[in-house]
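Trainee: Chain residues, written in single-letter form:
Protein chains: 2
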Amino acid sequence: MSRKVSPASVAPALLGAFPEPGHDHAHCVDVALKQAESICQERGARLTDVRRRVLELVWRNHRPVGAYEILEHLGNSRKRAQPPTVYRALEFLLAQGLIHRIERLNAYIGCTAPERDHDGQFLICRDCGATAELLDRRIDTAIHAGASAAGFTVEHPTVELEGLCAKCRSHDHHG
Amino acid sequence: MSRKVSPASVAPALLGAFPEPGHDHAHCVDVALKQAESICQERGARLTDVRRRVLELVWRNHRPVGAYEILEHLGNSRKRAQPPTVYRALEFLLAQGLIHRIERLNAYIGCTAPERDHDGQFLICRDCGATAELLDRRIDTAIHAGASAAGFTVEHPTVELEGLCAKCRSHDHHG
DNA sequence: ATGACGTATGTTATGTTATAACAATTGCTG
DNA sequence: CAGCAATTGTTATAACATAACATACGTCAT
Chain Z
1 MSRKVSPASV APALLGAFPE PGHDHAHCVD VALKQAESIC QERGARLTDV RRRVLELVWR
61 NHRPVGAYEI LEHLGNSRKR AQPPTVYRAL EFLLAQGLIH RIERLNAYIG CTAPERDHDG
121 QFLICRDCGA TAELLDRRID TAIHAGASAA GFTVEHPTVE LEGLCAKCRS HDHHG
Chain C
1 MSRKVSPASV APALLGAFPE PGHDHAHCVD VALKQAESIC QERGARLTDV RRRVLELVWR
61 NHRPVGAYEI LEHLGNSRKR AQPPTVYRAL EFLLAQGLIH RIERLNAYIG CTAPERDHDG
121 QFLICRDCGA TAELLDRRID TAIHAGASAA GFTVEHPTVE LEGLCAKCRS HDHHG
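Going line by line, the protein sequences match chains Z and C.
Sequential numbering of the first sequence, starting at 1, is according to my numbering.
Sequential numbering of the second sequence, starting at 1, is according to my numbering.
Check each hint, because a few of them may be wrong.
[As the list claims (entries may be wrong)] Cβ-Cβ distance ranges computed for the label pairs, FRET-style:
id	chain 1	residue 1	chain 2	residue 2	range
1	Z	E115	C	T48	52 to 60 Å
2	Z	D117	C	R137	24 to 32 Å
3	Z	E20	C	C128	42 to 50 Å
By construction, these hints were calculated from the structure, which means they are not laboratory data.
Note that beta-carbon positions come from the ideal geometry of N, C-alpha and C, so glycine has one too.
From just these sequences and the hints, can you work out the full model?
Mentor: And the structure:
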């Protein structure tokens, strides 16, 4: 069992793509959790039980998930967790680059390329809610160029693109 | 007095630029209000008293302003306005393209090019809070190209770039 | 002018998202 | 196992936003 996971072998084939309707999502979750373990171990960061469960819940599907939605599913039969528990876990996962926050939606989504330090670009379908992460260097380049023309240095770009995914666009046309 | 205002004559020299520290801000507000009047008249939209006052408050400075901050300044000596009053005015101003919402900050900022229908790109200084609007076609192009490569049609891009403006960057270096 | 209608605003209550502050627990290290 | 730092639990509240219904206002046909 190699501890160091090569990006090529584990990266889901989702970068810039929307998942197929019937794909093996358990596999997506599995990969994400394994990557998280590996990354945290490398860094000496502690992927505790709460944090792992929150990460798992963020990965329940390929849509951004709200903190309170996570909270609902985090409950331990008898006692419900409180907001700070979830927000602290989210804060940790954000800091480790394991998830991203979607500002438009006040929601969180699993990162598909956690090995790289980056701010992604997000394609958010207004119809089905599916959200894909893009890592487009041309967009980055254009942004940095445009900003520096105004004397501005970009540190944390937020790029969230609402629109229609291919599937929903074809539905709209046909139905 | 011409009713139709040519963009060239009124557009503030701020597109993609941060305002000078000592600029005549009363002029910025004045221009914004006049443009708003003109645009609403053309469209048969009613720029009522509440709406004009909210627009004026959004333009108090070149930083995004929160709804509750507006609320505080909207009070009429005796009775304070309620949240829905402000939110409804903001909704109207957004619909008319007279202001933009900054998602990262849950805040609103005056649009510097209200005659054009557009989603701007925003440069937000993390140090001084000053925020400038960019209308960079290269960024738009890169975004649409990147998205369509994933089969995605962008309808409403959100581009909010946090970083350092020229002034604050030089302060950082010197001090 | 007046009544009917649509738009705008006032008012009350509540929903949703997020954090402050402090206590208790856990895990690591000497 | 004592001491310390990191994590989680718990209580309360802050910050942002909207639902629902009442009132006022503008305008247009009669």
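Trainee: Between Z:E20 and C:C128, does the C-beta distance stay in 42 to 50 Å?
Mentor: Check passed, 47 Å falls within 42 to 50 Å.
Trainee: Indicate whether the distance between the beta carbons of Z:D117 and C:R137 respects the range 24 to 32 Å.
Mentor: holds (29 Å)
Trainee: With respect to the beta-carbon atoms only, verify the hint that Z:E115 and C:T48 lie 52 to 60 Å apart.
Mentor: Because 54 Å falls inside the window, the suggested range holds.
Of the numbered hints listed earlier, not one is contradicted by the structure.
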